[in-house]
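A.B. asks: Each chain is listed here by its residues.
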Amino acid sequence: ETGVTQTPRHLVMGMTNKKSLKCEQHLGHNAMYWYKQSAKKPLELMFVYNFKEQTENNSVPSRFSPECPNSSHLFLHLHTLQPEDSALYLCASSQAETLVSYEQYFGPGTRLTVT
Amino acid sequence: KNEVEQSPQNLTAQEGEFITINCSYSVGISALHWLQQHPGGGIVSLFMLSSGKKKHGRLIATINIQEKHSSLHITASHPRDSAVYICAVRNTDKLIFGTGTRLQVFP
Chain A
419 ETGVTQTPRH LVMGMTNKKS LKCEQHLGHN AMYWYKQSAK KPLELMFVYN
469 FKEQTENNSV PSRFSPECPN SSHLFLHLHT LQPEDSALYL CASSQAETLV
519 SYEQYFGPGT RLTVT
Chain B
77 KNEVEQSPQN LTAQEGEFIT INCSYSVGIS ALHWLQQHPG GGIVSLFMLS
127 SGKKKHGRLI ATINIQEKHS SLHITASHPR DSAVYICAVR NTDKLIFGTG
177 TRLQVFP
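Those protein sequence lines, which keep their order, are chains A and B.
Numbering of the first sequence is given in the working numbering, commencing with residue 419 and proceeding in unit increments.
Numbering of the second sequence is given in the working numbering, commencing with residue 77 and proceeding in unit increments.
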């Protein structure tokens, strides 16, 4: 397995469910990111983890809870979501999140539908 | 107004045509990225550049720092080039994304 993988690829959940999205990178990177992509809107950065520490939380509602147990794995735990949370959730990784411009490598995304 | 603007929003072309997608930004940047997103959702990084011009196969990316403008060119376009092309700029430690240009190339 190479690159950045995400599971599941598609998820339908009710507003009262609890589910988790998983991201794994096999590139030896130290920084991982969660993005949200809604229809006709730019990609929105949600969370950044650098060397397993959360370095950014872009005012994301608490119903989204990230977890980074090690540099290779990133989770996004979801609970009591709203229909407007339906979107494509993309994970990315890079060598490190610093002032130097490192290229980010993206996973295929999880298409989430909240009913 | 978005800090990163792309034009056009949608673009259709016949196979073989030369294509240009534009990106203008209003913030100071350390680098600019061009990304390609296929219908399945996955995003591939095409270029990262901070000055001048880069070429990879049929793709060419240019940037003019003074004018805060970048272009992505596709020569001899092919239906498999159909995708959304996203411009993103790096401002301090953040990536700011444009809304993308949807390209459809017909045989």
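Just so you know, not all the hints are guaranteed correct.
To be verified - List of simulated lysine to any residue pairs, SDA-like, C-alpha gap at most 20 Å:
(1) K454/A - P115/B
(2) K459/A - Q112/B
(3) K470/A - T175/B
(4) K454/A - I95/B
(5) K170/B - P484/A
(6) K170/B - L463/A
(7) K459/A - G118/B
(8) K440/A - G117/B
(9) K458/A - N98/B
(10) K459/A - A159/B
(11) K459/A - E81/B
(12) K170/B - V430/A
(13) K458/A - K130/B
(14) K459/A - K130/B
(15) K459/A - Q85/B
(16) K170/B - R481/A
(17) K170/B - K436/A
(18) K130/B - K440/A
(19) K454/A - H114/B
(20) K458/A - P115/B
(21) K458/A - H154/B
(22) K170/B - Q513/A
(23) K436/A - F493/A
(24) K170/B - V478/A
(25) K458/A - T175/B
(26) K440/A - P84/B
(27) K170/B - E521/A
(28) K470/A - Q112/B
(29) K454/A - V120/B
(30) K470/A - I141/B
(31) K170/B - N476/A
(32) K440/A - A159/B
(33) K458/A - S126/B
(34) K459/A - S121/B
(35) K458/A - S158/B
Worth flagging that the hints you see were computed from the coordinates, not collected in a lab.
A.B. asks: Does each hint fit the structure? Answer for all of them.
C.D. replies: Hints and how they fare:
Restraint check for K454/A and P115/B: satisfied, since their Cα atoms lie roughly 16 Å apart, inside the 20 Å limit. Between K459/A and Q112/B, the direct Cα distance comes to roughly 16 Å. Compliance with the 20 Å bound is thereby established for this hinted pair. Taking the CA atoms of K470/A and T175/B, the gap is about 30 Å. The hint is violated against a cut of 20 Å. For the given pair, K454/A sits about 28 Å from I95/B by alpha-carbon distance, which is inconsistent with the 20 Å threshold.
Between K170/B and P484/A the alpha-carbon distance is near 19 Å, which keeps this suggested pair within the 20 Å criterion. A hinted pair counts as satisfied when its Cα atoms are at most 20 Å apart, and K170/B with L463/A qualifies at roughly 9 Å. Of the pairs offered as hints, the one joining K459/A and G118/B holds, with about 16 Å between alpha carbons and a cut-off of 20 Å not exceeded. Among the hinted pairs, K440/A with G117/B is consistent with the structure: their alpha-carbon atoms are about 16 Å apart, no more than 20 Å.
With a CA separation close to 17 Å, the supplied pair K458/A and N98/B stays within the 20 Å bound. A distance of roughly 16 Å separates the Cα atoms of K459/A and A159/B; the hinted pair therefore holds under the 20 Å criterion. Distance restraint check for K459/A and E81/B: the Cα-Cα separation of roughly 12 Å lies within the 20 Å cut-off, and the hinted pair is therefore satisfied. Restraint check: the Cα-Cα separation between K170/B and V430/A comes to about 30 Å, which exceeds 20 Å; the hinted pair is violated.
The straight-line distance between the Cα atoms of K458/A and K130/B is roughly 28 Å, outside the 20 Å bound, and the hint therefore fails. For the hint pairing K459/A with K130/B, the CA-to-CA distance comes to about 27 Å; that exceeds 20 Å, so the pair is violated. At most 20 Å may separate the alpha-carbon atoms for a hinted pair to count; K459/A and Q85/B meet this at roughly 12 Å. The hinted pair formed by K170/B and R481/A fails the criterion: a straight-line CA distance of about 23 Å is larger than 20 Å.
At most 20 Å may separate the alpha-carbon atoms for a hinted pair to count; K170/B and K436/A exceed this at roughly 30 Å. For the hint linking K130/B to K440/A, the alpha-carbon distance of about 34 Å lies beyond 20 Å, and the restraint is violated. Between K454/A and H114/B the alpha-carbon distance is near 16 Å, which keeps this suggested pair within the 20 Å criterion. Restraint check for K458/A and P115/B: the C-alpha separation of about 14 Å stays at or below 20 Å, so the hint holds.
Note on K458/A and H154/B: the hinted pairing is violated, with a Cα-Cα distance of about 25 Å set against a maximum of 20 Å. Restraint check: the Cα-Cα separation between K170/B and Q513/A comes to about 15 Å, which is no more than 20 Å; the hinted pair holds. Restraint check: the Cα-Cα separation between K436/A and F493/A comes to about 13 Å, which is no more than 20 Å; the hinted pair holds. The suggested pairing of K170/B with V478/A holds, with an alpha-carbon distance near 16 Å, which does not exceed 20 Å.
For the hint linking K458/A to T175/B, the alpha-carbon distance of about 7 Å falls within 20 Å, and the restraint holds. Restraint check for K440/A and P84/B: the C-alpha separation of about 34 Å exceeds 20 Å, so the hint is violated. Note on K170/B and E521/A: the hinted pairing holds, with a Cα-Cα distance of about 12 Å set against a maximum of 20 Å. Straight-line distance between C-alpha atoms of K470/A and Q112/B comes to about 28 Å, which puts the hinted pair past the 20 Å bound.
For the suggested pair K454/A and V120/B, the alpha carbons sit about 16 Å apart, so the restraint of at most 20 Å is met. Of the supplied pair hints, the one linking K470/A and I141/B is violated, its CA atoms being roughly 34 Å apart against a limit of 20 Å. At most 20 Å may separate the alpha-carbon atoms for a hinted pair to count; K170/B and N476/A meet this at roughly 11 Å. This hinted pair does not check out: K440/A and A159/B have alpha carbons roughly 25 Å apart, beyond 20 Å.
Distance hint between K458/A and S126/B is unfulfilled; the C-alpha atoms sit about 27 Å from each other, more than 20 Å. A hinted pair counts as satisfied when its Cα atoms are at most 20 Å apart, and K459/A with S121/B qualifies at roughly 19 Å. Restraint check for K458/A and S158/B: the C-alpha separation of about 17 Å stays at or below 20 Å, so the hint holds.
Violation of the numbered hints given earlier is confined to hints 3, 4, 12, 13, 14, 16, 17, 18, 21, 26, 28, 30, 32 and 33; the remaining hints are satisfied by the structure.
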